[in-house]
Amino acid sequence: MKKQSPSRRKLTETLSALMLATALVAPAPAVLAADAPATTAKDSKKVENPCGPSNPCGPAKKKKKKSSDNPCAPNNPCAPKK
Amino acid sequence: MATVSEPLLHAAHEALGIPLRYAQAGSSLARAAMAGAARCIELVHYPRQDVIDKTYGTRFYYHAHGARRHPDNEHGHFHLFAQGSQPGDYTHLAGISLDPQGQPIRLFTVNRWVTGETWRQAAEVEQALACFAVQTRGRMAPVARWLTAMVRLYFPQLVCLVRRRDAVMARRSARQGWEALCEDRRLDVVTECRISLSQRIQQLGC
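Chains as they are written, first to last, in this note's numbering: chain Z, 195 to 276; chain C, -4 to 201.
Do not take every clue at face value.
As the list claims (entries may be wrong) - Stretch-level coverage of chain C by chain Z, calculated; a stretch enters the list once three of its residues show a Cβ under 8 Å from a Cβ in chain Z:
| no. | region |
| --- | --- |
| 1 | 0 to 13 |
| 2 | 20 to 27 |
| 3 | 35 to 42 |
| 4 | 95 to 103 |
| 5 | 190 to 197 |
Said to hold, decoys possible - Okay, derived cross-link-like pairs now, EDC-like style, lysine to aspartate or glutamate, Cα gap no bigger than 20 Å in a straight line:
| no. | chain 1 | residue 1 | chain 2 | residue 2 |
| --- | --- | --- | --- | --- |
| 6 | Z | K204 | C | E9 |
| 7 | C | K49 | C | D84 |
| 8 | Z | K204 | C | E1 |
| 9 | C | K49 | C | E119 |
To be verified - Pair ranges (Cβ atoms, derived):
| no. | chain 1 | residue 1 | chain 2 | residue 2 | range |
| --- | --- | --- | --- | --- | --- |
| 10 | C | R16 | Z | D229 | 25 to 35 Å |
| 11 | Z | A228 | C | W114 | 21 to 31 Å |
| 12 | Z | T206 | C | Q152 | 20 to 30 Å |
| 13 | Z | M213 | C | G172 | 15 to 25 Å |
| 14 | C | F150 | Z | A211 | 20 to 30 Å |
| 15 | Z | A228 | C | Q44 | 11 to 21 Å |
Simulated from the structure, these hints should not be mistaken for laboratory data.
Glycine residues also receive a C-beta, built at the ideal position from the N, C-alpha and C atoms.
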């Protein structure tokens, strides 16, 4: 039988250690609903469809800087290109 | 035994070693993904401004949906993006779901409306996945390295998912039209597959 290389053997050991260690880890905090009621049209859309028009899964919008050399800033980098 | 390339082996070591170090410290990838936040609020991006790597033209963030909008045993998921050449031009590459212990459990692709992305065909997404890497400094650095490793480790599965995504979209768009399909709120996750690190390591013959 072919022997495992040290690297592969270490991988197997790491996997075993990970499974063991993970079992002892406390779960991440439960997901909480956003508690602020929707007041703006944008928020209302979020409530109606949390993944919808405001693109909640899209990259977060960066704050605009007036004289920034950030190439993404002036043109609202996260808005759909339409 | 199948030959496993050194980069793939390295990715496998990273994919296991990084969560192991978190676990040994009493934490997990799911907690690390929350970027130090004590609470996980649905749809909030962690970190708030995403992790952006201008060198590789990539970005990611972690978030979670309400209970009705994710599979059983999912805590939250990462969204990975490739930045295009123009401002506002980005493409969703993949989603990676974690369970509450921080173990990766699912890969998925999404419909266009979900992220408002610039839609690119599978071939282009595959190219972006093939050279995907994301680096950052600070507390999110290991998470970024883990994501880089995961994309490398699961590259064949991701390619398959993206190709199937295009096939699903092509089939459905023949019925309802492309634009209507891309904005169809009934279709969010287009393709997905369950994953397990231990199974993947076994597949590699390690």
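Status of each hint after checking the structure:
For the region 0 to 13 of chain C, the assignment as covered by chain Z holds, since 5 residues bring a beta-carbon within under 8 Å of that chain's beta-carbons and 3 suffice. Against chain Z, the region 20 to 27 of chain C contributes 5 residues with a C-beta closer than 8 Å to a partner C-beta. That satisfies the three-residue criterion, and the hint holds. For a cut-off of 8 Å, the count of residues in the region 35 to 42 of chain C with a CB near a CB of chain Z stands at 6, and the three-residue condition holds. Evaluation of the coverage hint for the region 95 to 103 of chain C: fulfilled, as 4 residues show C-beta separations to chain Z shorter than 8 Å, against a requirement of three.
For a cut-off of 8 Å, the count of residues in the region 190 to 197 of chain C with a CB near a CB of chain Z stands at 3, and the three-residue condition holds. Taking the CA atoms of K204(Z) and E9(C), the gap is near 12 Å; set against the 20 Å cutoff, the hint holds. Proposed proximity of K49(C) and D84(C) is supported: the alpha carbons are some 13 Å apart, at most 20 Å. The hinted pair formed by K204(Z) and E1(C) meets the criterion: a straight-line CA distance of about 14 Å does not exceed 20 Å.
Among the hinted pairs, K49(C) with E119(C) is consistent with the structure: their alpha-carbon atoms are about 19 Å apart, no more than 20 Å. For R16(C) paired with D229(Z), a C-beta distance near 34 Å keeps the hint of 25 to 35 Å intact. Here the CB-CB span from A228(Z) to W114(C) is close to 28 Å, well matched to the stated 21 to 31 Å. Distance hint for T206(Z) and Q152(C): a CB-CB separation of about 21 Å, consistent with the stated range 20 to 30 Å.
Here the CB-CB span from M213(Z) to G172(C) is close to 47 Å, at odds with the stated 15 to 25 Å. Between F150(C) and A211(Z) the CB atoms are about 25 Å apart, so this pair conforms to the stated range of 20 to 30 Å. The hint said 11 to 21 Å for the Cβ distance between A228(Z) and Q44(C), and at roughly 18 Å that hint holds.
Checked against the numbered hints above, the structure breaks only hint 13 and satisfies the rest.
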